[in-house]
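Taking UniProt numbering, the leading residue of the sequence shown gets 1, the next gets one more, and so forth.
Derived from the structure by calculation, the hints contain no laboratory data.
A hint or two may mislead.
[To be verified] The calculated lysine to aspartate or glutamate pairs, modelled on EDC-like cross-linking and capped at a C-alpha distance of 20 Å, are: (1) Lys185 with Asp175; (2) Lys484 with Glu496; (3) Lys295 with Asp824.
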Amino acid sequence: MPPPPFNFVQPVLNGPGANFNRRINVVSVSESKVTPKIISTFDKADSPVLGLAPGYTKNGKLYSLAICDGTSAIIVDFSRAAGKPSSKGRQGTPDSSGSSSDSSDAGPNSGGRKLIEEKLLARSTNTVLAAFGMGPLALSLYTDFGIGVANAIDVDSTFPPIFPDFETSPYAVVDRALRNAQLDKVKPSAERIGSEFRNTAYESTELNCRKELVCRAWLAHYLIDACLDGPAREEVKKANTKGMPPEFLKIIAKICADDHRLILGESTTTKHGVTDVRSQDNSVTHIEATAYKNKFRGKDKGGRIVVENERGRFAIHTAINATEGGSAVVQSVINTNTTIISTETTGYNGPTLAAARRAQIILGVLQGKDGLFVENPWIKNIWLSTDGNLAWPKEWSTPPLASPTSPTSQSPPETSTHKKIMLNTSQQKAVNHMLSTKDAYRFVIVQGPPGTGKTSVIGAYVTMAVSRGQDGIWLIAQSNVAVKNIALKLLSIGFEDWKILVAKDFHNGWHEHLYTEDRRFDGHLLISDKFRLIRPGDLEGCKVMLSTLSMLSNFHITKFTRQVPMKTLIVDEASQIEVGNYVPAFTAFPSLRKVCWIGDDKQLPPHGQEELEELQSIFEVPHLKNHVVFLDTQYRMPPEIGGIISDAIYSSKLKSNPCHPVTSDTISCYFIDVPKGRESKAETSWKNVAEQDVVLKLAKHLQDAKMAYKIITPYEGQTTGIHNLMKQPESGLSWEDKCFNVDAFQGNEEDYIIISLVRSKGLGFLDNLRRTNVMLTRCKKGMFIVTSHKFMDGVGGDSLVGELLDCLEDRLEEKVWLTEEQIDQGQISNI
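Model the full structure from these sequences, guided by the hints.
Below, the structure written as structure tokens:
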């Protein structure tokens with residue numbers, strides 16, 4: 001039974017005229033009940049504009065569609081069970097044939113869908129469709145239900161931000177539209193618009209969700225109807241999926257849906273640590289976040305602040321707006337005698353520049369710029385390849401700058417003054433593939449298991465390439481920390497012809513110390529808030545640029561690509577990057593001739609892949625697997641640990657350094673039995689208090705013995721608990737940069753690693769092979785795993801940690817286990 005009808009009066013705009021106070025009766029109807037009579041509701045409309053608004057489930061499936069012409073509105077509920085993936089395979093997944101199975105679901109209600117398409121969404125009359133986020137909506141209608149659209153206007157891009165205003169929130173779009181139309185008497189409510197667009201996950205049984213959906217459809221209708229006259233509407237570019245080739249639509253739908261579903265699946269509630277609370281003018285309060293990862297972002301967020309004073313503990317519900325640097329303004333006064341207990345904000349952060357650029361490209365394709373895709377060699381060879389054979393423009397095939405070198409042969413001797421990096425055979429093969437200018441090596445994929453010297457490969461490539469006269473080299477990664485690690489490698493080998501681009505939001509107020517404390521970065525570092533001041537002479541002699549992938553979508557990036565045109569793109573951490581994230585780079589830089597990806601698909605996956613299995617890194621694109629070079633020797637871990645990891649993860653193909661200082665005679669890994677350890681919830685995470693106590697004792701012994709160590713835990717709750725205990729003066733411990741969760745420690749290493757498994761009943765994190773691989777492969781000399789005998793004898797044995805324990809017990813039996821008493825006594829000297 002459909003939800004009952006309800007009356008709707010728009011709450012977001014105030015102004016003269018009946019339009020703003022009109023009461024609209026909204027009817028909800030299942031698609032199977034859509035009839036010509038229901039469709040005829042919109043035949044009497046004075047306006048040609050139909051406003052649309054999608055209701056997506058949390059995992060990004062289209063569930064409902066609101067349609068409004070300003071006087072009438074309906075909500076169509078689609079019948080297919082939302083959130084269930086098609087049984088016919090992944091949508092638009094690149095495979096060896098370059099296509100994917102048809103995931104549009106005609107289903108038993110195709111008659112209703114046909115009416116919706118032919119009579120409303122793709123009819124040939126002068127009807128204009130309007131929606132916020134029209135690109136994802138148009139593609140969802142096609143891929144989920146086989147419904148095409150025509151003559152569809154995207155509201156957001158119709159009223160774009162103008163430099164230096166980059167605000168993309170719905171309120172900012174509305175404000176620009178009204179100003180553009182000079183509708184000065186119409187006043188938008190920032191708070192109400194923010195509220196109506198705050199919920200991203202649609203619940204069909206919630207009346208408020210249905211009202212919000214109609215409000216968004218009404219607002220889309222109004223902005224295109226009232227803020228654009230007929231000629232202006234004609235000039236706006238329209239999106240169309242009706243009549244586009246199905247195979248092509250599936251590919252762009254895949255690229256769009258991966259990012260869109262990932263955004264919708266993210267939590268809209270963020271908890272913030274708060275410091276430096278300052279009230280101002282008896283009207284607002286300024287607050288500072290304690291950490292970069294939970295700094296304040298976005299405008300018009302719903303805020304909930306729990307405070308305590310002489311009246312007791314209570315919650316303040318108020319609007320919170322982020323300001324420069326990640327602090328915030330609270331639209332309430334918090335007095336000095338009031339203590340903030342907790343702070344959280346709710347609302348969508350808005351797209352990053354990179355995500356916005358990706359969405360803009362997809363929308364452009366739907367608006368007729370399909371040449372962006374079908375004529376782009378990079379996109380054709382990844383997504384549109386029909387047989388797995390890669391084809392490149394003939395004009396790209398130019399003679400090498402140096403004498404030809406076989407991609408598998410040794411490179412000529414270095415003649416530069418840079419410190420020479422000694423390479424093993426597999427590393428040299430990777431570097432030679434990266435150096436080659438032949439068509440067969442325009443795509444190079446390097447798989448580097450833990451400790452195999454991936455940054456050494458990058459450093460060796462850079463010095464050899466520059467010595468051969470190659471330039472236009474851009475080194476990128478997903479994270480700022482990974483980019484900095486590449487820079488440190490270049491510094492260590494004496495290579496100086498590079499610049500590093502860093503976002504002001506990451507640097508200013510949060511991470512200056514990463515760059516300013518090391519004077520070697522002087523002259524190399526460029527912060528994004530100074531990009532507009534860059535002059536051509538500032539980049540003179542620069543052969544190599546370093547940045548994050550997202551930085552390539554910065555508005556000022558052309559200042560750098562004009563002086564250092566991107567010819568070769570080297571991507572570190574490539575296994576953590578969803579392949580669609582390269583679309584902006586592939587379409588923005590026509591000088592690009594070669595891409596090399598370096599990573600390991602047995603370590604951290606693209607963000608969100610656990611929830612959305614169809615997310616792919618470049619390593620998961622089947623027809624590119626024959627381009628992979630495997631780095632086959634690890635130098636980090638003691639050979640005993642390395643051998644176990646090789647057998648369990650890398651099909652015994654990963655060798656260990658035969659000259660490693662830790663020999664097989666040494667016990668390089670101990671398990672510590674904490675029989676009283678119990679897992680318990682820590683908000684949305686997990687902790688184990690008994691394990692925390694043992695970790696601190698072990699850390700104190702290592703610190704006193706001057707043994708360099710780091711602590712890794714799988715759960716943020718445990719990481720926070722250990723970190724807070726270490727900060728207590730009575731702990732006697734140095735606490736800065738000591739305790740990390742697994743994701744934060746990817747790419748790092750230390751002599752000794754302490755691991756707290758946390759769980760005592762369920763596998764939890766340990767069921768994730770890739771993250772467990774990262775956790776167990778960080779040590780250079782030794783590792784302590786804090787858990788319990790009972791857990792490892794039970795469910796914990798069915799994990800990679802269990803395999804490690806089995807192999808160690810085969811050789812050492814019970815000697816691999818230490819007791820709490822032995823830790824108390826400091827019996828760790830034999831590791």
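Hints, verified against the model:
The hinted pair formed by Lys185 and Asp175 meets the criterion: a straight-line CA distance of about 12 Å does not exceed 20 Å. Among the hinted pairs, Lys484 with Glu496 is consistent with the structure: their alpha-carbon atoms are about 14 Å apart, no more than 20 Å. About 39 Å separates the Cα atoms of Lys295 and Asp824, which puts this hinted pair outside 20 Å; it is violated.
Against the hints set out earlier in the document, a violation occurs for number 3 only.
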